[in-house]
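S.K.: In order, the protein sequences belong to chains A and B.
Residue numbering for the first sequence is 1336 to 1511, as defined by this note's numbering.
Residue numbering for the second sequence is 331 to 483, as defined by this note's numbering.
A portion of the hints provided could be inaccurate.
In silico SDA-like pairs for lysine to any residue, Cα to Cα no more than 20 Å straight-line [claimed, not checked]:
{"hint": "1", "chain 1": "A", "residue 1": "1446", "chain 2": "A", "residue 2": "1417"}
{"hint": "2", "chain 1": "A", "residue 1": "1464", "chain 2": "B", "residue 2": "415"}
{"hint": "3", "chain 1": "B", "residue 1": "416", "chain 2": "A", "residue 2": "1373"}
{"hint": "4", "chain 1": "A", "residue 1": "1489", "chain 2": "A", "residue 2": "1366"}
{"hint": "5", "chain 1": "A", "residue 1": "1464", "chain 2": "B", "residue 2": "380"}
Worth flagging that the hints you see were computed from the coordinates, not collected in a lab.
Quick caveat, the model's predicted, so the values are computed rather than measured.
Spelled out, the chains give:
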Amino acid sequence: VKGAWPWLVPLSAVPVLALLAYGFHLNPRDVASPLIGRPAAVFTLNTFDGQPLSLADQRGKVIVLNFWASWCQPACYDEAPVLERSWRAYRDRDVVVVGVDIQDTVEAGRKFIADFSLSFPNARDVGGKTSIDYGVYGVPETFFIDRKGVIRAKHVGALTEEAFRIQVERLLGEPA
Amino acid sequence: MAQAAVALVFWLVASVAAAAEGPRDVGQVSDADVNVVASQLRCVVCQSLSVADSPSEMAAQMRQLVRERLAAGETPDQVVRYFVEKYGDWILLAPPRRGFTLLVWLLPPVAVLLGLAVAVRRVRAWTRRPAPIAEPVDAAMRERIRTELEAEP
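Using the sequences plus the hints, can you model the full thing?
M.R.: Have a look at this one:
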């Protein structure tokens, strides 16, 4: 025991250092959402045209719920054309894209929609209740909701056409 | 002492009454009540800031939501649970005292106790060791010291 003493002190630091090294390899933005597999919270928000937009009305369709903001550079600007293209490709197949603009001004949000000629419904989350209800901690974040109204996947960061297609095809393949 | 006991009883009765009060007006929920909940929540768009301390818009919206939920008659615990339900344990500034994160609470006191035990053992070992005895000075050395001292101006 006497001979092991000098080694014991540096050796005890090894598990601590290993934990630290492991922690540095994790992506702090990669927080698992507890909402996967749970029913999507229903909401009714006003679109930029002042029309009520209710998630419950979309039940039975595959819903791609996207949280964005005009100040979210560059990720939201990267994915806006992707969302529009994907929405046009899938709109006739029982897929709906719903955009929710958070922590934004009406003018900036309108300009963003006009700049990218977004044709899917976009609403404003005034007060932030809907984004908190979805555990949103940044933009962009995208939720894929199945025909039964259950949140099945969450994508953090700019969406790609590939990611959109894979998630949507998977949910479309399931029985309604 | 008796006064303190009376004060405690009054406080308990008052808090029970407050809990049973049910819905309040949003304006009636004090900032202190909101902060009790908000200080436990991590500001989701910040680094190392609570919802109570963050100046961000998201945190302001969360504080407003906390206020509304408290006003609707929810207890602070219920409001915290709502946020955990949406964001997971990640939203809590203090890791839960169960499962893996229980280690975070247990390890520091264990490490302190271990360190204390090691320190106590060491100190005991040092104090038990007899003090070194000075080597006797022989006659020749004593003579040399004496002459050298006398030679000093």
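S.K.: Of all the hints numbered above, which does this structure not satisfy? Sort the numbers upward.
M.R.: none
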